[in-house]
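Asks: Quick mapping for you: the protein sequence lines, in order, are chains A and B.
So that you can map any letter, position 343 of the first sequence is 343 in the working numbering, and since no number is skipped, the others follow by simple counting.
Start counting at 1 in the second sequence, then tack on 1000, and there's your number in the working numbering.
Treat the hints loosely; a few may be bogus.
[Unchecked claim] With a straight-line cut-off of 35 Å between C-alpha atoms, the simulated DSBU-like cross-links for lysine-lysine are:
1) A/Lys239 x B/Lys1229
2) A/Lys530 x A/Lys366
3) B/Lys1028 x A/Lys311
4) B/Lys1270 x B/Lys1305
[To be verified] Some residues of chain A that are not near chain B, with every Cβ distance over 12 Å (derived):
5) Val26
6) Lys69
7) Asn72
8) Trp85
9) Ala130
10) Phe215
11) Val243
12) Lys269
13) Asp297
14) Gly450
15) Phe461
16) Met515
Calculated from the structure, these hints are not laboratory results.
Just so it is clear, CB atoms sit at the ideal spot from N, CA and C, and this is done for glycine as well.
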Amino acid sequence: MTLPKHVYQAFEDVVGAVNISDDPAVLDSYRYSLAHTAIHLGPFYNTYTPRGAAVLLPGSAKEVQAIVKLCNKYRIKFKASSTFWSAQGYPSEEDTIQLDMRRMDRILELDEKNMFAVVEPGVIGATLQAEAMKVGLNTHIPGSGCSCSVLASATSYFGSGPSNLYGGCYYDNLLGLEWVMPTGEILRTGSVNSTGSWFCGEGPGPSMKGVARGFLGAKGSMGVFTKCAIKLFAWPGPKTLPVEGVIPAYKVSLPETFRAYTLAFPSWKAWADAAHLIWDTGIGYLAHRQFNMFGRDLKFAMVKILTDPTKTLGDLEEVLADPEVQRITKQSERDFQIILVGMTARDIAWQDAALDEILNRTDGWKVEAMNVPEIHDWVLLYLIRLGHKNLNLVFSGGYDGAFGLLGAMDYGAAHAEEAAQFKKTWEKRGAIVDAGGDCMMGPIGGQGGGGTGLWENFTCFDPHDRESVEGTLEFFDACTKLGLEKGWGVGMEKWNSVARGSDGRTTPKAERDRMHLSAPQPSVFRYQHKIREAFNPNDLGDAYYETLEDE
Amino acid sequence: MALKDFAAEMDRCSVCSYCKWIPFDQMKSWRFAKNCPSVAYYNFNSYSARGRYAVARSLLNEQSEYSDTVRNIVHTCMTCGACDVSCKVCRYNLEPLEMVRELKFSLVEAEQVLDQHEALIASLNQEHNILHKPKSERGAWADGLDVARLPSEKAEILFHAGCRLSYDEDLQKTAVSAVQLLKSMGVDVGILGEKEMCCGGRVYSMGYRDEFNHFADLNMKVWANAGVKTVVTACADCYHAFKRLYPPLGSQVEVLHMVEFIERLIQQGKLRFRSEVPMTVTYHDPCHLGRQGEPYVPWNGVEKKIKGQIIVYEPNKPRYNGAWGVYDPPRNILRSIPGVKLVEMERIREYSWCCGAGGGVREAYPEFSAWTAAERIAEAKATGAEALVSACPWCERNFMDSISATGAGLQVYDVLALVEKAL
């Protein structure tokens, strides 16, 4: 559909002619290929999200409000996104107005004393971190990396990542927010509404955080968040990261109070025990099973390639043939990375001693090959900035997570190995990268710093290769079947299939209802239905805000 | 290559938007975090590398058609290559700069061109330069200089001035300084004078592949007739054309930028600076000398898969990601000049911000080009430097025009100008 001329003109009057387009080529740069990676619902070869009716680039909350009011007036669906890196940020239905929030990219406030920042949607983790470090603070960065919008991660998704352990995930860290509600009214939550300051996310009155975010974030389906305050935490390092090295092997040498260790364990039980002990002792700044995303068999070879600017993927087989690489690979099968940061010399000495005791109790060890300076300093930079997350897609451009979800770290002992071995058999069929079966990665510490982990088993494929895509989908279907048979539940591979189907469009209601009714807590979706009715009476979002209407 | 040869890349681009930012590891502030001028200015996804992949796919699949908007999307790319560097922090099997070039070629082949670019091509074909100047005056900058004129005279080394240094009266002094310095060092140098022709590099970056090939062929023939084995230039664009674009067409001459030559003289102890130049300066890496200044490596191979679905190449494909560009020679020269204090901007070396003059943008989109230059000038001023130094006349021209329009209060020098002051 082309918007009627008078409607297009009405939108243009809000944002100006240079900030709106309905040129088909522009609109096609705002579609998402579900062949490439569907973020937990596909992949589907040669399938795209629907083409929007127009793309708008609002420059202020006032403009967003005017756009939303026009959408209500003309009954046009709308969806806002900040960085457009996952299928969730794209509409599920034709002729949706797409709001690209990148012009609203200011850090409005950085309150050193009260340790928070107020940001607009276009602010990404890297820019906020760079500014926060100048005043001795740091921000959590989600597992999807520092290219992602801070506001979107905090308001519209889970926002989990390596620094959950010390800094808390974005959901934890969300303070107040400014919300252009689906009807076009503006709501400011927390202390900002009564005092004008953003220091507190709640009150007076009932919390609106759950209402605004919904289950796992509103995913662009319930109005537009135009500002939020985010909690920051201590950064005892330099004001600017002193980065050295030849691209892409950038590295950073930080003070003596910083450590980057790769820990490995003789069993999954020991691995999980170590995580529990780390939480109990309260040590650690970041912890993540990171480089295993390349696969148990490939991870150390990939680290060797990534830390050597003269090497490429084409050197992989030669590196893998090195007996020393094979030895380290074997040594680090069940591993994770942890960064210790001491606020003082005494603090880091204590953390080091505590970690040694944890390793002693669990029979774990430090993988010394990961401690040579050129790798140690690369790991340190990698995990602190989290600016290489596109390595998820390094092999051929497509990846998606299988199995996994949020849960106790004991999943490792319970069924991670079984899932890995299951994947390994599928890897041999050729559709997905043969990486050793265990490609599980995720933070060692979920919500609130500990008690849970979040994991997914990376599955890499070629989005340009129909057989690879279809073989991957077949594997994911098999994962779901296995998960249900074993009582593990549906894994990440189908996480968003409740909202968007194989044609890139909204899943039929009957199918959505079936999935929501079989969820562990269907009442969550009943509650969200009531919220949607109250806050979004014209239903101008999409099914990523999950609702159940069965009563 | 043709646009359809990039169809796999169009699918394999993961739309992560790394192409819009400097490498994240290198970010030092919110203010100077962006790398792509066109998406920073026009904002729509389509003006970034990821967006241009999508636009190219849309055109290839006939889901959209040429339009004024499509022409703008393609021709506002300066082909500065910053996207390419950031993409390749993580990816080994995408070539966004090559794809965008191919997209430009395809538009030109389809006659989706801009009047301003057509005027340049007319000047190129008629006058052998892209500045609408008579070819008979090309060598006038060297009038009065005691320098051999090839091919009638012979010399070991050819100094190629390039269009900008030949005709731009504010910048001709750089070419004069270069020749005088080389001669004073005992180098047997000559010029082609009025027989010199455009390198073709700038029209290549506008999408005119045939015209580039034609002028590359002409230049290589002139060099062969004159017995040229080494070409030295003070223009980053010419350097890139000769160093990277000519070898696949058969050129085997050695190519050096003046900064490489001068650094070599300093290292050999042949050049010593005697005068103090008390000045705080910052250095701007020209795209074509820095990240695109890596040497050409021949490759003729094919894609293959290992480990099921890992894409590699047989034989290994050379990787151009800005790692080995010409960054240190100009800095080493500046550091060796007594009195000069070099302070760095936030975006440097392989992740340097473009001056705004590339890809035909200066000619076709002057406001956007000026904005891009002004962004760099703001970054330079933030260092506290008195002067912005570079090694490319196109960058220097764009900066000078921006400063003159905005009154930014910053001096612009070529590295050679400071070398001359220090002798």
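Asks: Now tell me, hint by hint, if it's right for this structure.
Replies: How the hints compare with the structure:
1. A/Lys239 x B/Lys1229: Violated - the C-alpha atoms of B/Lys1229 and A/Lys239 are around 50 Å apart, more than 35 Å.
2. A/Lys530 x A/Lys366: violated, 51 Å
3. B/Lys1028 x A/Lys311: holds, 27 Å
4. B/Lys1270 x B/Lys1305: Between B/Lys1270 and B/Lys1305 the Cα gap is close to 52 Å, so the pair fails against 35 Å, i.e. violated.
5. Val26: violated, 5 Å
6. Lys69: Nearest chain B Cβ is 23 Å from A/Lys69, so the label holds.
7. Asn72: Non-interface label stands for A/Asn72: nearest chain B Cβ at 25 Å, farther than 12 Å.
8. Trp85: violated, 6 Å
9. Ala130: The claim is violated: A/Ala130 sits with its nearest Cβ about 5 Å from chain B, within 12 Å.
10. Phe215: Non-interface label stands for A/Phe215: nearest chain B Cβ at 26 Å, farther than 12 Å.
11. Val243: violated, 5 Å
12. Lys269: The claim stands: A/Lys269 keeps its Cβ more than 12 Å from every Cβ of chain B (closest is about 30 Å).
13. Asp297: violated, 9 Å
14. Gly450: Non-interface label stands for A/Gly450: nearest chain B Cβ at 27 Å, farther than 12 Å.
15. Phe461: violated, 5 Å
16. Met515: holds, 27 Å
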